[in-house]
Amino acid sequence: MAFADELLDLARRIAALDGENPQQASLRRAISTAYYALFHLVIGEATANWSQSELRPLLGRVFEHGKMKQACSRVSGVQSEIPPFEKRLTPEDHLRAVAKTFIQAQEQRENADYDVALQWSRQDVEAQIESVADAFRSWIAIRDQPDAQEFLVLLLGPKQRRRPA
Amino acid sequence: MELMLPPAPMGNAAFAWYSLKRDNTVVYTRAFSYPREFADAVKKVEQKLGDQVIRIRYSLDYDSTGDPAVHFRIVMPDSSLTKGKLLENTRHVSFVIEQELKPEELWGVNPYFRFRSESEQEKMQEPIWA
Numbered sequence: 001m002a003f004a005d006e007l008l009d010l011a012r013r014i015a016a017l018d019g020e021n022p023q024q025a026s027l028r029r030a031i032s033t034a035y036y037a038l039f040h041l042v043i044g045e046a047t048a049n050w051s052q053s054e055l056r057p058l059l060g061r062v063f064e065h066g067k068m069k070q071a072c073s074r075v076s077g078v079q080s081e082i083p084p085f086e087k088r089l090t091p092e093d094h095l096r097a098v099a100k101t102f103i104q105a106q107e108q109r110e111n112a113d114y115d116v117a118l119q120w121s122r123q124d125v126e127a128q129i130e131s132v133a134d135a136f137r138s139w140i141a142i143r144d145q146p147d148a149q150e151f152l153v154l155l156l157g158p159k160q161r162r163r164p165a
Numbered sequence: 166m167e168l169m170l171p172p173a174p175m176g177n178a179a180f181a182w183y184s185l186k187r188d189n190t191v192v193y194t195r196a197f198s199y200p201r202e203f204a205d206a207v208k209k210v211e212q213k214l215g216d217q218v219i220r221i222r223y224s225l226d227y228d229s230t231g232d233p234a235v236h237f238r239i240v241m242p243d244s245s246l247t248k249g250k251l252l253e254n255t256r257h258v259s260f261v262i263e264q265e266l267k268p269e270e271l272w273g274v275n276p277y278f279r280f281r282s283e284s285e286q287e288k289m290q291e292p293i294w295a
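Those sequence lines, one after another, are chains S and X. Each residue of the first sequence is one higher than the last, beginning at 1 in the numbering used here. Each residue of the second sequence is one higher than the last, beginning at 166 in the numbering used here.
Be aware that one or more of the hints could be misleading.
Stated by the list, open to error - Heads up, simulated DSSO-like pairs for lysine-lysine below, C-alpha to C-alpha not over 27 Å straight-line: (1) Lys67/S / Lys267/X; (2) Lys213/X / Lys267/X; (3) Lys288/X / Lys248/X; (4) Lys248/X / Lys87/S; (5) Lys250/X / Lys209/X; (6) Lys267/X / Lys209/X; (7) Lys208/X / Lys288/X; (8) Lys208/X / Lys87/S; (9) Lys250/X / Lys288/X; (10) Lys159/S / Lys87/S; (11) Lys250/X / Lys87/S; (12) Lys213/X / Lys250/X; (13) Lys250/X / Lys267/X; (14) Lys250/X / Lys208/X; (15) Lys87/S / Lys213/X.
Simulated from the structure, these hints should not be mistaken for laboratory data. A quick note: this is a predicted structure, and the numbers were derived from the prediction, not measured.
Could you build all of it, start to finish, from the sequences and the hints given here?
Structure follows, in structure tokens:
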């Protein structure tokens with residue numbers, strides 16, 4: 001199982017801890033872990049394109065949370081509706097699902113990790129985790145598409161998007 | 166580089182809020198300048214959603230990257246948040262809110278969504294969700 005998949009699986013298991021009375025610490029870790037699952041999924045995909053595999057972890061350290069979020073917010077139509085997975089007909093639909101989920105997951109992760117005043121409920125956390133799982137499915141559906149590959153580069157935060165020839 | 170600011174708002178706002186985003190673009194944060202109007206607009210969406218939601222609460226503030234934001238807290242019926250329906254129903258509600266309210270386009274705030282079932286809120290009794 002890839003690292004990102006392990007993190008997503010771990011997020012689900014942490015969220016399910018403690019029976020009927022989940023501890024806030026568990027729910028917060030689950031939110032954070034779900035975000036990092038998606039974070040490492042796209043970084044892993046991006047760095048896999050680097051031919052010298054021993055340098056991929058170092059390349060992965062170049063990615064920054066803020067720039068990745070900015071790149072996601074620039075995906076065309078990211079504000080529009082995300083249809084259910086079965087009804088995503090184009091690579092653009094899938095890419096929007098990934099980008100939008102990344103933006104939401106990153107914000108919730110910040111809240112979960114740093115805002116101790118906030119309380120979390122299990123269903124809130126499960127909704128966030130399932131949203132990330134849904135983004136995983138969308139990514140797998142489009143990972144080799146040109147738009148998806150360009151998205152990986154844009155996550156690095158280049159100042160200007162390349163112009164079509 | 167010259168910054169092109171939108172015209173100052175008309176109406177009863179004492180002053181207008183402008184925010185400098187991380188990419189150095191300036192946005193007019195209408196939701197901050199007109200909180201009452203924003204509240205009315207949210208109420209209308211809540212009514213449109215009918216029994217799909219119990220209530221919608223929110224905070225106007227800034228997100229983790231410093232951009233103006235609205236953080237929605239949405240209480241939903243228990244029946245809407247069962248395992249099989251969780252993702253579909255929460256996505257639908259957030260979509261309707263974005264579609265009707267247009268938080269970024271009309272109000273200058275990035276929307277974020279959290280959900281809670283009615284029974285969870287009854288148990289947790291958190292005032293900001295009440």
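Consistency of the hints with the structure:
1. Lys67/S / Lys267/X: holds, 24 Å
2. Lys213/X / Lys267/X: holds, 15 Å
3. Lys288/X / Lys248/X: holds, 20 Å
4. Lys248/X / Lys87/S: holds, 20 Å
5. Lys250/X / Lys209/X: Answer holds: Lys250/X to Lys209/X is near 24 Å, not above 27 Å.
6. Lys267/X / Lys209/X: At roughly 13 Å apart (the allowed maximum being 27 Å), Lys209/X and Lys267/X satisfy the hint.
7. Lys208/X / Lys288/X: Given that 27 Å is the threshold and the Cα spacing comes to 25 Å, the pair holds.
8. Lys208/X / Lys87/S: violated, 30 Å
9. Lys250/X / Lys288/X: At roughly 22 Å apart (the allowed maximum being 27 Å), Lys288/X and Lys250/X satisfy the hint.
10. Lys159/S / Lys87/S: violated, 34 Å
11. Lys250/X / Lys87/S: Status holds; Cα separation ~16 Å.
12. Lys213/X / Lys250/X: holds, 20 Å
13. Lys250/X / Lys267/X: holds, 25 Å
14. Lys250/X / Lys208/X: This hinted pair holds, its Cα atoms lying about 24 Å apart.
15. Lys87/S / Lys213/X: Holds, at roughly 24 Å.
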